[in-house]
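First to last, the sequence lines map onto chains L and R. Taking the working numbering, the leading residue of the first sequence gets 1, the next gets one more, and so forth. Taking the working numbering, the leading residue of the second sequence gets 585, the next gets one more, and so forth.
Honestly, the hints are just simulated from the structure, not real lab data. Being a predicted model, the structure only gives us computed values, none of them experimental. Beta carbons: idealized from backbone N, C-alpha and C, even for Gly. Fair warning: there could be bad hints in the mix.
Some but not every residue of chain R turned toward chain L, in silico, with C-beta under 7 Å [to be verified]:
#: 1; residue: 596
#: 2; residue: 603
#: 3; residue: 645
#: 4; residue: 661
#: 5; residue: 668
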Amino acid sequence: MRLKGNRMKSARSIQAGIAVKAPTGVIGFDEITGGGLPHGRTTLLGGGPGSGKTIFALQFLVHGARHCNEPGIFVAFEETPKRLVANFQTFGWKLAALQKQKLYFLDAHPTPDLIQSGTFDLSGMLAALGAKAKAMGARRIVFDAVDIVLALLPDQAAKRREIYRLHEWLLARELTGLITAKAGGDQESSLDPEPFGFMQFMVDCAVILNHSVVQGVSQRNLRVQKYRGSSFDEHESPFLIGKSGFEVAGARTLGHTYTGVINERVSSGVERLDTMLGGGYYRGASVLITGFPGTAKTTLSGAFAEASCRRGERTMFVSFDSDFAEVVRNLASVGIVLDRYVKNGRLRIISVRTITGNAETYLLRIKTYAKEHRACCVVIDPVSTLSSSASELTAHSVVERLIDWSKSEGITLVCTSLIDEMSSRTIGVSPLQISTLADTWIHLNYLAQAGERNRGLSIIKSRGTAHSNQVRELILSDAGVTLADIYTAGGEVLMGTLRWEKESAERASNEVAEIAGKLKRVSLDAEEAELQVRVKSLHTELVAKKVEKELLARTTQSRERELSRGRTRVRELRGADAAMAERR
Amino acid sequence: MSRRARLRFRLFVAGDTQNSAEAIANLSVFCGEYLPNRHEIEVVDVLRVPARAMKDSVFMTPTLVKLSPSPVRQIVGTLSDPYILLQVLGLRALAP
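Kindly generate the complete structure, drawing on both the sequences and the hints.
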């Protein structure tokens, strides 16, 4: 009679709230399922040992109790509540405070010295739970590791009967139920046929967790196997157990709109590169810097970090290669001084050597740190490390989501990517295939010529900006990073010493011409001076001549006067000629 | 254990479900056979008094609790096997 009543009630509830969801608070999971677990229905959570079932389940209850005003009951078949609370202390869920009224742990784990004779059922527990749920107004309930108690039942029929009883009980009370059960080994992605298969058919939603090791890298995945009356992302989604609990790396949600395209430019940190890019990178763009080892990828990204710090923007530098201090020291050697920004808190350098885990872990950590730091510029050096900590497919998807995330947050992202010189001498083969996703792609290359290697920089693509087609030489000095024009002579590109020689040869010939000009001017000056001197001396001579001439004239005059006076005197003295003279 | 000691039982049942009915029947047959006039049985229906189930942490029904003499023992199930009962209750001497 009672069962019949339950069935009628459950049928009604199935018709009633078809799309109502109970948010789980598990990052990413609510996106996959479009809101959470089916409200007032039962969900089966299956997975191997250590796959994270209990964490997921408890987080679901904690979220309900704290944020949805839905108190919950946790029925622990496997561990004692005391140990559970102790184990989950690290997640900062404040279980002790919640336990007072919003979260109740029922210790239902069978004692080791349990003696059994004949079959049994769970009516007692359900009766007790019913009373408790009513008393505390519980809306959510978790049966953790139901397989433990089912294993005690003698036959399949009894197991089915109890599962059925449990399900009916949940539906009758319209509790949002989550039943966890161990399933298969690590390799299993679906549950054992019996009795879980039966459970899978019965419940409204089934979620499977699996934990596998691919090429030595641990990988946890979550998959929603079924969800009645709702669409869901049916692919496997990677997840991890982070600082604040269970986190699902949500697959890319299609039709996701970015925060808006911004036309603002941000400096790359190298003035001439900005010019080449027509003003710098776009804010919110993702920039990829590829190159062989030692082509100054880190330096270029460091210059960007410094520039953004100088603008007063909060910046995060994630280094996979070096320790924090090494990054600062190495960049300081080329005039990029970062430690003052680290000191004033604008720049956060994270050495990923301190994070262990796979690509998914890295991504989640990077996201978390960026959020904590409120970063608006992020450098990841080099992003290609991700490919070594995950399978190719996963790494690609991680990078894809990294770029997606930075775009949606409006973060300007600069990633460097190492190209293995041995394997791919040709550019265009970016191991993660991110070159297609990045907005701006700068390639750094070596040019070995005349016994030396020089760094060449070229912009392979830059979406939405006019950009230079020129290869430039990248020069690192203790004064900073600069770009130099390269010489093209006879169809050959000149860099490094050759460029320098060419430049200095030109400088020398300029100098010679200049000096020759100077010499000419000096000699002309001398000639001029000489002439002037001559002019002066001639002038003096002229004056002297004039004086002489005058003097001569005066002397002649006075002599003539003397002479005539003398003749007169002689005549006077002679007397004879006086008459003649007077006659005349 | 002395043959004269009196055994106190508490049997948790869930209403008139089949398992519970079987357990009551099996226990009374057992007591009638092995412990005539040496037993007390308290039957607790958890459907009516769920608080008792919670208090005594009895979640599987039926559950038989031997309260005295000590030690306290719990046996889960329909008590279909009297030999297990004898063993648990320390009455193996009575076994046929």
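Residue 661 (chain R) as chain L interface residue, shortest Cβ-Cβ below 7 Å: Given a least distance of 4 Å, the restraint on residue 661 (chain R) holds.
Proposed interface contact between residue 596 (chain R) and chain L, which counts if any beta carbon pair is under 7 Å: 6 Å, holds
Supplied contact hint for residue 668 (chain R), tested at 7 Å Cβ to chain L: 4 Å, holds
Satisfaction of the residue 645 (chain R) interface hint, Cβ to chain L closer than 7 Å: 4 Å, holds
Evaluation of the interface hint that places residue 603 (chain R) against chain L, nearest CB under 7 Å: 5 Å, holds
In this structure, every one of the numbered hints holds.
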